[in-house]
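Peer 1: Residues per chain are reported as follows:
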Amino acid sequence: MMLRLILVVLLAAGCCALAWRMWVATGRISKAWVTRRLVPLVVAGVGVCGLVLSWSNGDPFAFAHLNGIGAMTQGASWRSALLLQSVAFLAAGLWLISGPASRRLPRWGLLLLPIPVIGGLLLDRNYGPAAWAAIMVGVLLALALATFFPVVAADLATVGLVAVGLIGIVSAANSPSVPLPSVFVAVPGGQVSQAFGAVSPKLALLAAVEGAVVLAFGLWLVPRTIGPHAMALLRLEPDAELAGRVEQLTQTRADAVDTAAAELRRVERDLHDGAQARLVALGMNLRAAERLIPTSPQAAMALVAEARESSAKALTELRDLVRGVHPPVLADRGLADAVRALALDTPIRTETDIDLPGRLDPPVESACYFAVAEALANAVKHSGARLVQIRIRHSPDPGAPRADSWSFAPSASGLLRLEVTDDGVGGADPSRGTGLQGVERRLATFDGILAVNSPPGGPTMIIMEVPCVLSSLRTSSC
Amino acid sequence: MRAVVAEDLFLLRDGLVRLLEAHDVEVEAAVDSAPGLLQALLDHRPDVAVVDVRLPPSFTDDGLRAALDARRQVPGLPVLILSQYVEQLYARELLADQAGGVGYLLKDRVFNDDQFVDAVRTVAGGGTVMDPEVVAKLLGRRARDEPITRLSAREREVLELMAEGRSNSAIAQRLFITEKAVGKHSTSIFAKLDLAPSTDDNRRVLAVLAFLNT
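Chains as they are written, first to last, in my numbering: chain A, 311 to 788; chain B, 1480 to 1693.
Keep in mind the hints are simulated off the structure, nothing from the lab.
It is possible that part of the hints are untrue.
Cross-link-like lysine-lysine pairs, in silico, BS3-like; alpha carbons within 25 Å at most [as the list claims (entries may be wrong)]: (1) K1586/B to K623/A; (2) K1616/B to K623/A; (3) K1671/B to K1659/B; (4) K691/A to K1616/B; (5) K1616/B to K1586/B; (6) K1616/B to K1671/B.
Quick caveat, the model's predicted, so the values are computed rather than measured.
Can you make the complete structure from the sequences, with help from the hints?
Peer 2: Written out as structure tokens, the structure is:
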């Protein structure tokens, strides 16, 4: 029985994988379509089927028994379990469907799926009040663990999912009276036949699909959570996180050095071709005027006037150069007022919503300023927007969820978030222009990230996040 | 006319003092730091203060902040800010109390001493003087905004020169029109910007404010 079951499962899995490969290869469906649409729909569909079945098979108020724990009956308990699991599946499916934008759940969100699944299994037994109290305490402990040790919680959740799947398969194999491998609604021992003897094979089929999904989810999580940790713990391979971090730091350091060198070259060239050249011309003019004074004072005066103009132009050029290196208003007032000044100088209407109660480190401040300046310049040049909105916030919370919540980058005790949104035509592609790439590299030096969301037709939203701390409170009286 | 000068670089401070004195402006104090400036302004109550934005101790915008401080204690104290660069943000802060008697110029403008001293006198008289660069930036930005759009092209030119702190006769000269025509344009500007009748000087300041704050 066991062997037959395993063979059937393996065969089915192989067929599915082969079919998928062929479909993807023929180009009829994209891989993205499968992962973003089909899989979530299957998961959600399992949840819906479970809900329908739990309501159509007998007692429609089975869920009410969840509240009256002591009054739980044998017959209603499996329906309660099924109901709970189905809701979990439905929620997971909807969560997946809702797209990457909302997939910012912290790591412990993984616990949401296994908790009802395990809880559902537990509900299948008639426990006394003491046991239930113990279970509740366990759930609370799990939540606390998830809050304070999210990495450990994720690892445990993975183990839990895999274990539950295996237990289900074993117990299904031990129950010859069940027509199909019913994994999840199944419970060890004779209760299985009692429960499923009374219900249709549809329920058993559903249970099989459910089981497969949960087990697959658990196995999918293994290399992403507990796998590398276990390997690192056993010293079987170098710490992948650490190696990745070293590689990233090497890359960003090289970028930072390159950027600084290029910047110095630009300053040197601008000085050489601009102010320096003008000063040379100035000196020559003055010398010529000196010679002309005794003979033709009129011509001398014209030359002196020219020299004055030349010095004014040199000053203008120096001013532009200084602004490009480090804007004086940034040095004077910090990021918030510098961005406000930038907004005032922008030819399209620009609204600012900035809340920064202190100053940032000068290098971070400068990088963020030029990042916003670049985003604004892009909006002006390419978007055709009529309104640009800039929003800057700093959250001191050390556990603030990052967009790439899988990364283990050391987080400073705070996160600066900058958003530049315009109502233009959209379609901005950071891989085409060098400007935003430069910004991305510059922010990466501070472990910052940049994301561009710009669908054709707009709007364009550029989001930058930089881990950093705010220093002393602003003392300005203005 | 009595003035206080604040500039931390000795050469520039010396040059400013000599320039002002050559034009019959009496310099009562020439200071080199923000605390010194505040003290001198409160002690001397001059007709005008000529102040560098960047001053010790922190070498940021201490000069501006000291001047704004002084204006809070002595409302309407005329202040002309000099800077190596101009920011609309600072222009707005200077204009925020709507009392007039403020100026904001690039340091380069001292090259033309006649115009510079004119600006000093305008500010001392309660007028508003904005650097042409500030005005140019505003024009680039405010092209579509109400209520400035109600103005005709000529009226905009007049308002622009008004913001730079020029008198009616100077505006007439610049635009090659009669002084009477300038008067007519400014009446029309005041009407279009909904400025209630009051003294002409005050309305000029308010018109410039409307221009800067739209």
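Peer 1: A separate judgement is required for each hint: does it hold in the structure or not?
Peer 2: Hints versus structure:
no.	hint	result
1	K1586/B to K623/A	holds (13 Å)
2	K1616/B to K623/A	holds (18 Å)
3	K1671/B to K1659/B	holds (18 Å)
4	K691/A to K1616/B	holds (17 Å)
5	K1616/B to K1586/B	holds (18 Å)
6	K1616/B to K1671/B	holds (22 Å)
When the structure is compared with the earlier hints, no violation turns up for any of them.
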